[in-house]
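Undergrad: Sequences are here, hints too, so could you generate the full structure?
Chains as they are written, first to last, in the working numbering: chain W, 1 to 724; chain X, 1 to 724.
Honestly, I wouldn't trust all of these hints.
Just so you know, same-sequence chains aren't split out, so a pair can sit in one copy or run between any two.
Unchecked claim - Below 30 Å or equal to it, Euclidean Cα-Cα: the simulated BS3-like pairs (lysine-lysine) are:
| hint | residue 1 | residue 2 |
| --- | --- | --- |
| 1 | Lys-69 | Lys-560 |
| 2 | Lys-660 | Lys-32 |
| 3 | Lys-514 | Lys-681 |
| 4 | Lys-681 | Lys-545 |
| 5 | Lys-456 | Lys-560 |
| 6 | Lys-354 | Lys-69 |
| 7 | Lys-456 | Lys-545 |
Note that these hints are calculated values from the structure, not bench results.
There are 2 protein chains.
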Amino acid sequence: MATLRKQYVVNRPLYSEDSFAQDHEKIYRRRKTLLDHVKQYLTCDSKRVKNTALSLLPIVGWMRIYRVKEWLLGDVVSGISTGLVAIMQGLAFSLLASLPPSYGLYTAFFPVLTYFFLGTSRHISVGSFPVLSLMVGAVVIRLVPTNGPPANITGFEGLTQDQQRVLVASSVTFLMGIFQLGMGLLQVGFVVMYLSDTLVSGFTTAAAVHILVSQLKFVLGLVVPGISGPLAIIYTLEEIFVQITSTNICDLVTSIVIMVVVFIVKEINDRYKAKLPVPIPIEVIMTVIACGVSYGFNFEEKFQVDVVGKMVSGYESPIAPNVEIFKESAVEAFPIAIVGFAVAFSVAKVYSIKNDYTIDGNQELIAFGVSNIFGATFRSFAASTALSRTAIQESSGGKTQIAGLISALMAMIVTVALGFLLEPLQTSVLGALVIVNLKGMLMQVRDVPYLWRRDKPDCIVWLGTCVGAILLGLDLGLAVGLGVELLTVIFRAQFPRCSVLANIPGTDLYRDCKDYLHMYEPKGVRIFRIPSPIFFANIEFFRDKLAEAVGFNPLRVLRKRNKALRKIKKLLKKNDERIIEKGVGGLFHQTSVDSEDKSNMEDLDLPTDFKDLPVRIDWNAELPANISVPRVELHSLILDFAAVSFLDISALKGLKTMLKEFIRIEVDVYIIACDVYILEKLHSCMFFDDEIQTSMFFPTLHDAVLHVLQKHKDQSRLLADTKL
Amino acid sequence: MATLRKQYVVNRPLYSEDSFAQDHEKIYRRRKTLLDHVKQYLTCDSKRVKNTALSLLPIVGWMRIYRVKEWLLGDVVSGISTGLVAIMQGLAFSLLASLPPSYGLYTAFFPVLTYFFLGTSRHISVGSFPVLSLMVGAVVIRLVPTNGPPANITGFEGLTQDQQRVLVASSVTFLMGIFQLGMGLLQVGFVVMYLSDTLVSGFTTAAAVHILVSQLKFVLGLVVPGISGPLAIIYTLEEIFVQITSTNICDLVTSIVIMVVVFIVKEINDRYKAKLPVPIPIEVIMTVIACGVSYGFNFEEKFQVDVVGKMVSGYESPIAPNVEIFKESAVEAFPIAIVGFAVAFSVAKVYSIKNDYTIDGNQELIAFGVSNIFGATFRSFAASTALSRTAIQESSGGKTQIAGLISALMAMIVTVALGFLLEPLQTSVLGALVIVNLKGMLMQVRDVPYLWRRDKPDCIVWLGTCVGAILLGLDLGLAVGLGVELLTVIFRAQFPRCSVLANIPGTDLYRDCKDYLHMYEPKGVRIFRIPSPIFFANIEFFRDKLAEAVGFNPLRVLRKRNKALRKIKKLLKKNDERIIEKGVGGLFHQTSVDSEDKSNMEDLDLPTDFKDLPVRIDWNAELPANISVPRVELHSLILDFAAVSFLDISALKGLKTMLKEFIRIEVDVYIIACDVYILEKLHSCMFFDDEIQTSMFFPTLHDAVLHVLQKHKDQSRLLADTKL
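TA: Below, the structure written as structure tokens:
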């Protein structure tokens, strides 16, 4: 059993951080200052210029390695299948944005053109994304409501309601593009880190609920005014239930049939994924059938159903965005920009890892920024990517953005030539297709019990984001979710479980003294572990916990001792005076001492001052004249800093006060396993003075304990020696 | 030199966490669940009821120990001196709230009455506080602007402008009281922890700038409409500079004289603090003189100066708050409630520590909540405490709130009987007194260079809060500051400095391998220190840093190996087939392998599967048929978790993936010094499976390194043995 019982043998000098530094010289490493970083950032040589240029045009990179024979066929096939889906989704999602369906086709065309040149992902399918479409739709509805007058904006005169809406949507998209481009140029793509999986899951679930509610009116064939702002979802549902008796039965039946068929076929697609060469394009099939049926039986006139209607044939001239709309919608455009980028980036990352190439977050921001600005001038609305579409593009063999380009061409063909075929299509069919695709997003609700069991704060983030986004709207909800998420991080660091450590006998290991039966806690020594970073929000917490762990409040003890000292000095003086100058002195001194008592409250916090006294007072012994001072059995306090990963200024000040209080009541304080950077910071922030010295730092807990034991053994031996 | 060279000797079995757990049985400690906490919170016995009742009426506590002989005289003297100041400040701060001066006297009276019964602090002087007054003033000005019609609120009909303003102020104060009371009852007093010293310093500096600007019009004798909202300060300054030619010279001269005299006397007070029995009450003296001069020379008619004018004599009947104003001002009342409480609590804490009694944050919230609600019904505005006034109350001998009660009585006397004496007082005098008292708050700007040198993030918090609060207004600025402050905490934890550790020869200590010259890094072993908590925002960062530290991306290596393995299998099969069934097999197999290549991308991430192979492949040897795979020299990776104080779910998932990637390319991973609570969490979150096992945990770095060395020594010996 030799392998089981390997030995751990160490024999080395006992080190404090000071003596360690003496024995082992540290290499001087110059830290880069902020200035150095800026300089480095601004230096410019030909190589960097070339790299930057290349990174701004990723197409050059992948075009050079394009293998025409192997990849082109896959790209074309994939482009065609993706194109069909993109057209369907474009039509359907434009309903979410409260725009005429043809603009969805624009969104499947224009942004792709620029992304082709600028994007670093080779697999994502650029175009409309339901959550984004809905967020744009919220602004559209707010500025151009269905009933009632539009907002008071200069550019609106002489435009029809739809034209006003297109202007709003394209302006918001333009602004979103500016935000994305700006963030890309400022290299702040890392902000998406803050959108954790939990947050995104809660947010998209809320979005799915919003999408569901927004499509109900199409499915039921009702005319419900779009409502925006906090609690809009409640008001919309109320409106729907009020009107529910006027449901269009033809729309409802069509929708249910479509939903059931699509749902079943999708399940089949899923189940026989391995056996099917290509998933059945059930949505396209159903749309074609629905178009035919609606046209054949003239549903529009017979049942008064709402149809797609006159499609704009071909493209319209570019429009300039409206600055007044910028002002009105800036607060909403920012979360749209963030969400759009975050979705695209996370999808792109999945496929870049899968296919072993790198994507660049900041370049993606630039690509989407430019694409949205470009698209917006041609009246398309917010573009990102949809996971479903990208999955089709990649699984059907797409290797590069050439597939994206081909899908865009398909959308162009429909816009230019085949749009009229879609005119008899019921909007309820589009609504039903949107709803049936929500299954995955809504199923994320199953995360909740999982998270609750595993990690309550994460669960609260999910619920906070989801409920916030449902009730307050997606933009405010995202802000609330982010706030809650950041607060959970603070909370985790703020209220950690502190513990008092003790030695496991026969080892150099220390554990929580409540966790094991046989522990060795040296007399007069307390080891306190601080298990988290220290900052403004928890320094007071640690102070309280430490007082609890040692069993007394050091400041109070110090005050009591100083008060006692005054009394003793007074007693001594009185005794002296009684001998030397009996008479006048008594009254005089009484008053002077009284005034001292009043004015020198602050003095009580100073170190006990033994001068003028013939002997040093042993505070734990019986004191004369009924003066009582709390007894302190502790002579050493060891703070385990191993888990303290940072300190801020408030913590530093608080720590300094705390240590001083202990040192002033003659408790030695030791800090162990302190991070080198924190130690450097303490030095640079003037942490050390006469009372707080660098000799208090030890590399390990055991070093400190051995030092303490040694010191107090020496002292007690010294005491014993003098007694003899 | 025996003491210098003490030895550190340890001889114990080598422990992994598993073998340690075998040797040392842990005591089972049942953790309190959420339910237990709720139960405990809701249990009720006679003692708890009594304590709760007592804590709700702190007056009972201190009245029982009231020492009439010793304390009463001090309280009375202190009450009178504080009362004088409270009257002056009440008049002056009501200008900040844009209210007639008499309401400042109300604020010095009503809230004190309830605080007397409910407050736990014995020393603070309850009443108006400049920053709060200004925040209330912002709402007042927004709803009842000087020029232009007031907001469309039902209760405003038939009221004069001043009456409307009083209604707004008292409603906001009422709402603020409700917020405070609510927070107190919900026991959430701990939120003030988030207002760090840095934040408060930046915020109050911004408030001082606002106060300064708001008083300029009084000092210059101009009529400037109050402006509220973001950038209000810019517009106000613009307005003042436009009008500057119509400055009232009498007001200006009076103000300058007052400011210079008060400033000098205050400096004298400060310098000779020890020698003066009581600070010279220069503000009171100057006010009396100014009153007399203004009355004597009839300034009002002669120079058209603005005077206090007709004071309301006596008290008016209580008013009900207006619910419409609640709705309009809820967003502003909340920060007012927070700021008011935070100021009072921090001041109260200073004096409670100094005088050795405890205050209770939640009870203070209740006390201020009730006081503000009570005060608001009697038309007083937001009450908290002013540091200057409290300092006077305490230093002039006040021991309990009896002093506060007496100062309230002084305010009452002026309201009821002596108000007419103040009528000729110029408002510019009050403005000058406010401005001259801003010195301390404005001098906080000196914190900036100090913070910049010490701690850049803290400096950014200060600047963010201050600039935000100056430009956006105090309420929005506070929110911005809080956001920045919380983000700095996240940032500190998010981008820590990771390091690769190595052994200091001859010891069990490990340090950053770049820091020392002579270090021992065992061959094939990498020790990576994670110096901060791991959570959603930094798991990717650590992943990148770890790949950088080991010099390769484990996932990529795994993929390359799996691809190589496929090729090798193919080669082997071909060889077999060439022998067994030459002919048809070749074509058949070619296709089947191709389809495999396409469909099984995901398989590349699975562990390398050596079955069907005659030998285990040594990946670092030369491979046949030009198959090349990156070499991995590493056999063990040790992660130092000592500073990982918490993990969230995202981090847990990310960590699991990361570890699996390493384990699958045959790198042993060890985690050392992992916190017990984190280990428990890993267990409860199903972190462990066939690949990731508990045997990877070791208590110390040295244990793990010894284990690794032993293991690989055994292996190489085993290899050597078989060779022989």
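Undergrad: Is the C-alpha distance from Lys-69 to Lys-560 at most 30 Å within one copy, between copies, in both cases, or in neither?
TA: between (89 Å within a copy, 23 Å between copies)
Undergrad: As a check of your reading, is Lys-660 near Lys-32 (CA-CA no more than 30 Å) within one copy, between copies, both or neither?
TA: neither (33 Å within a copy, 35 Å between copies)
Undergrad: Tell me, please, which holds for Lys-681 and Lys-545 at an alpha-carbon limit of 30 Å: within, between, both or neither?
TA: Result: close both inside a copy and across copies, 25 Å intra and 23 Å inter.
Undergrad: Between Lys-456 and Lys-545, at a C-alpha cutoff of 30 Å, which is it: within one copy, between copies, both, or neither?
TA: Both, since 24 Å and 29 Å are each at most 30 Å.
Undergrad: Which holds for Lys-514 with Lys-681 at a C-alpha limit of 30 Å: within a copy, between copies, both or neither?
TA: This pair counts as between: shortest inter-copy Cα distance 19 Å, intra-copy 34 Å.
Undergrad: Regarding Lys-354 and Lys-69, is the shortest C-alpha distance of 30 Å or less found within a copy, between copies, in both, or in neither?
TA: within (22 Å within a copy, 84 Å between copies)
Undergrad: Go through the copies and call it for Lys-456 and Lys-560: within, between, both or neither, with a Cα cutoff of 30 Å.
TA: Answer is neither; intra-copy 44 Å and inter-copy 39 Å both fail.
Hints 2 and 5 from the earlier list are contradicted by this structure; the remaining hints agree with it.
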